[in-house]
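Letter by letter, the chains look like this.
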Amino acid sequence: MLRQLRPALMSVLAFTIITGLFFPFAITGISQVLFPKQARGSLIEQNGKIIGSELIGQTFAQPGYFHSRPSAAGGGYDAGASSGSNLGPTSSKLIKGIEDDPATKDADESYSGIPQLAVAYRKENNLAADASVPADAVTRSASGLDPEISPENAALQAPRVAAARKLGEDAVRKLVDENTAGRTLGLFGEPRVNVVLLNLALDKAAPDSKPKPAASPAP
Amino acid sequence: MKPLDFFQYVAFLLIVAVLVVPVGNYLARVFSGETTFLSRILRPAEKALYRLMGVSADQEMDWKSYTYSFLAFSLIGTILLYALLRLQYLLPGGPEAKYLVTPLTPDLSLNTAISFSTTTTWQAYGGETTMRYWTQMLGLAAQNFMAAAGGLAVGFAFLRGFVRQRTSSLGCFWVDLTRALLYVLLPLAFIGSLALVFLGVPQNFMPYVEASTIEGGSQIIAQGPVAALELIKNLGTNGGGFFNVNGAHPYENPTPLTNLIEMLAIAVLPAGFVYTFGKLLDRPRLGWTLLGVMFTLFAAGLLICGTAEQGGIPQVAALGVSGGNMEGKEVRFGIGGSVLTAITTSNGATGSYNSMHDSFTPIGGLVPLINMLLGEIVFGGLGTGLYSMIMIALVGLFLAGLMVGRTPEFVGKTIGPPEVKLILLYSLVGPGTVLLLTALAVTTPGGLAGLTTNSGPHGFSEILYGYASSMANNGQNMAGLSANTPFYNFTMAIAMMAGRFALAIPALALASHLAVQGRRPTTVGTLPTDTLQFGVIVLGTAIIVGALSFLPALAIGPIVEQLKMIGSLR
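Protein chains in written order, with the numbering used here: chain W, 1 to 219; chain P, 1001 to 1570.
Since the hints were made in silico from the structure, they are not lab data.
Each hint can be trusted.
A partial selection of chain P residues facing chain W, derived with a Cβ cut-off under 10 Å:
{"no.": "1", "residue": "L1071"}
{"no.": "2", "residue": "W1134"}
{"no.": "3", "residue": "M1146"}
{"no.": "4", "residue": "L1229"}
{"no.": "5", "residue": "N1246"}
{"no.": "6", "residue": "H1249"}
{"no.": "7", "residue": "N1259"}
{"no.": "8", "residue": "M1326"}
{"no.": "9", "residue": "S1359"}
{"no.": "10", "residue": "K1564"}
All of these numbers come straight from a predicted model, not from anything done at the bench.
Glycine is no exception: its CB is placed at the ideal position from the N, C-alpha and C atoms.
All chains, full assembly: derive it from the sequences and hints.
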């Protein structure tokens, strides 16, 4: 075994330099020249400020914006700590949710399971209490950063957004269509609507009705 | 199952089937030392590397030297990675220290070092909250290449045992390793990584970006040299993600097309390698028979898992929620793309999931679990997948031989008592390791402490899934298990080493036994191994051996949970 130590040591060192140093630097160099936008995270800039990435979902709470899916990443869409809920199919936390325990006044133990998320979704979109809800609207994505929703989900939100924006529903639906991607090669994946790009398109189409920032700015 | 999901699955398998022949032919050329279209560029580098290592291109090794070389290479790689992880705090650049909240403790570093040097890439940490960019490149990406090349080399030595006659030599580990790296992994990773950047996967050294979001909030967005790791993690059947949620992260896997590329990267080399096996033995039909068994098991997994996930959770459907089980899945992949990836990564020893298997329905999660427990015989790990399948085929042949009262033969080589002992030793390692460690975890406080997200039968499934994945050198997990504790870091490391070395060593020993033999001519008494009949025997053996070993454990986990879910247990 000792005779193999030299080749073992030399190969590990040489291959570490080739594959761990040369290779990633070559890929970085070439891609920064050929595909600079993608290589730098598909970031979106507005007035010199970075406002997010086309690929990374954001939290939207105001009625004038389309809303992303529920998220389990940090406090919601924390792109420094991606995560799913990891709750199993028989988890009572997922299937029933947890209510706040009134005995502990300071701590909020509540957790929105699928029932609470469904009730909230129907309420904010003025749907009947027994209306069918698309699954993606009331489930947490795998990454917690899913930038997209299903076209069915967008269609149910469109009237709410149109009313808040004082826009015609048709105009809003047209924007939804413009930001909808189909299946790749007609086969792979699912049709989907990019919420980040759609909301930016809304702001562009109706700048006057742009919701005022509600969330507190960065600390 | 939706018809479109079905077509998606068929299209994927067709693409793999079409690529099997060219890939298999190329692998055969590379490992026979023949000239390929890349030789003109790579031959000088190859020669320089041999000089550096002090080996010559025509050197030969017996199985013991081959094994020692493989062990020495793995050991030094592990030590180097461990040192890098422990000293990462000294490395400059990349994310600010405040974002790296998971400390690289000795047990986590040991677990991670073993995990990457065995191609398991089980991750008890979240990438964006633990690793610096230098660690991701010099440590993790480099081991993704090296461990994968090591596995491919061992697979090829195993193959030579069947091809060669009257020799004790199985080739030279260092030559096979270098060729695997230069001629197979690097060129494909180069093209594939650039394609992924084009499709949206980042590749930069920027610090994490702080964005002011559209609604006026703030969002930290982790960055990094993602693409350079992303392709090789799949191509090398490693599977450890750059980010915590692996292939579900929009930066790792932004579109269905990137997902298709990543899934092909997993399946094509191991599938092509089976064709190489048949080709070099001059029995292409044997290769296709084994591939037929693989495609059958793969398709069965897709159908069962896909149907279960589309069916969803009855309690959720009762709330008026339509569209199957989307908890822990991304919209761009949907259920079809998530199931395709779950089946590909669980068969392909890769574990680069794009959906959270912890949130799958019980039957949906059972399928990838079974794929791993069967020993990843469908495509399997790069190089190692071949012997996973051949070992099951040999068990089947042995059983068939007992029934007709003949000494079994495989490609003209006699499978006598010494060979059967090695095959059985190989077969016992998996069930022994997985079941003993699972039993230990569910009976000790250290093991039960990991169940922080789920409990009951699902908690049992999480633990079984973890050890099955580690033993199979897969690395995917049911991520609700809190596995970054000394207990899990050490026990998972044991399972990973068993899955890598306690399988490779009997496989190489068996190859040596067979290489020494001559090839006996086929007679009327020989059980043909390139027929549908033999394919059915292999399929049956895989299912029977797997079921006998694991049915009780599966009954406590996913099967009870399924009964609980559909309401017969309250």
